[in-house]
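Q: Sequence:
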Amino acid sequence: MNTQPLIPLTTSSFKILPPLSLYIHIPWCVRKCPYCDFNSHEARSSFPEQEYVTALIRDLEMALPQIWGRKVYTIFFGGGTPSLLSGESVAEILRNVRMLLPLSLDAEITLEANPGTVEAARFAAYRDAGVNRLSMGIQSFNDSHLRSLGRIHSADEAKHAIDIARAHFDNFNLDLMYALPNQTLDEALSDVRTALSFAPTHLSCYHLTIEPNTLFYHQPPTVPDDDSSSEMQDAIEKELANHGYQHYETSAFALPNRRAKHNLNYWQFGDYLGIGAGAHSKISFHDKIVRQARYKQPQAYINQVEAGTPVQTETVIAQNELGFEFMMNALRLNEGFASSLFQERTNLPLHSLQRELALAEQRGLLTRDHLHIAPTLQGQRFLNDLLEIFLKS
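Residues 1 to 393, numbered by our numbering, are exactly what the sequence shown covers, in order.
Derived from the structure by calculation, the hints contain no laboratory data. Since the structure is predicted, the reported quantities are computational estimates derived from the model, not experimental observations. Be careful, since some hints might not be right.
[As the list claims (entries may be wrong)] Restraint-style ranges between C-beta atoms, simulated for each label pair: (1) PRO221 / GLU88: 36 to 42 Å; (2) LEU383 / LEU189: 21 to 27 Å; (3) HIS370 / ASP226: 33 to 39 Å; (4) ASN257 / LEU359: 18 to 24 Å.
For glycine and all other residues, C-beta sits at the position ideal for the given N, C-alpha and C.
Based on the provided sequences and hints, a complete structural model is requested.
A: What follows is the structure, encoded as structure tokens:
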């Protein structure tokens, strides 16, 4: 395992550790999408499900000393395609989580699902296992756009999958993407309106971005220009606002009291333990904040768990990087954050960023008073410019 010296942040200790979440990574999918840069691997015929579940549980057991006694408030099964797991596997994982960790009685437990892998009996089994929130990767209701994105489902299959989801979960998210190859404004709005017809409690609307190490990066498709994609973004935001959805984060929209608690913990610089192939963790100790990454290749991860060393890299966030790390998350929240949260989550005084905050305010990217800090509308639109101010050289 590659490590850096665990150097304390400051001479003082955290008064209260941040809330803790658990992330469980399922690295397999039916087919790798050309825009996807997540740690996902095609399950061409089958995958070692039981062996992997056993590794996840053992990974969690080995991580316990780092989070001993801390309550878990949210759980998220991400991927890949977690809905490839059987209901029995999800039940086994959650049963062990409950035995090993103090789990909040009202914990939000989310599982990501691909419409192309939906079965009613499987969804019922997830619900019975304790999953209480579903997140479905729809992306579009246009068959042409679905094909261009390499999705394995059709528009009709997506609608059928949502109907099944609604029958088993009263809290569910739909993922949509816009600025797709050759997409028009009307087509982008049609996707949103179709999604709204199912009354989801939460919508995630992502601008398609071309990431390195993806097929789209090496074979770029023709996508709408910046002006067209900005027009789509504005229209989508207005449409969702008209239907009562609160735009609370860069790409997230929720009905009142239905915000994604797990993601909110990320954005508020909370702690999370990540188990599974390639999973990342951020864990606060009394005098430092540690980031970890587990081995990415599924079989290598399984082997390393068996050897007792699933963590490939572990680093302490340097004190001069904490301001940027915090702001990179918290400034994604359109409503911003309480000024006191910075010291609570970083163990640093807010005045350590006085110069950066003043510059961001001067440029019209941020607004603040002694109680609250938030990005302006311009800061939301030019978030990278705002964050760059906090990036230490």
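Q: Now look at each hint and say whether the structure bears it out.
A: Here is what the structure says about each hint:
no.: 1; hint: PRO221 / GLU88: 36 to 42 Å; verdict: holds (40 Å)
no.: 2; hint: LEU383 / LEU189: 21 to 27 Å; verdict: holds (23 Å)
no.: 3; hint: HIS370 / ASP226: 33 to 39 Å; verdict: holds (37 Å)
no.: 4; hint: ASN257 / LEU359: 18 to 24 Å; verdict: violated (36 Å)
The earlier numbered hint that this structure contradicts is number 4, and it is the only one.
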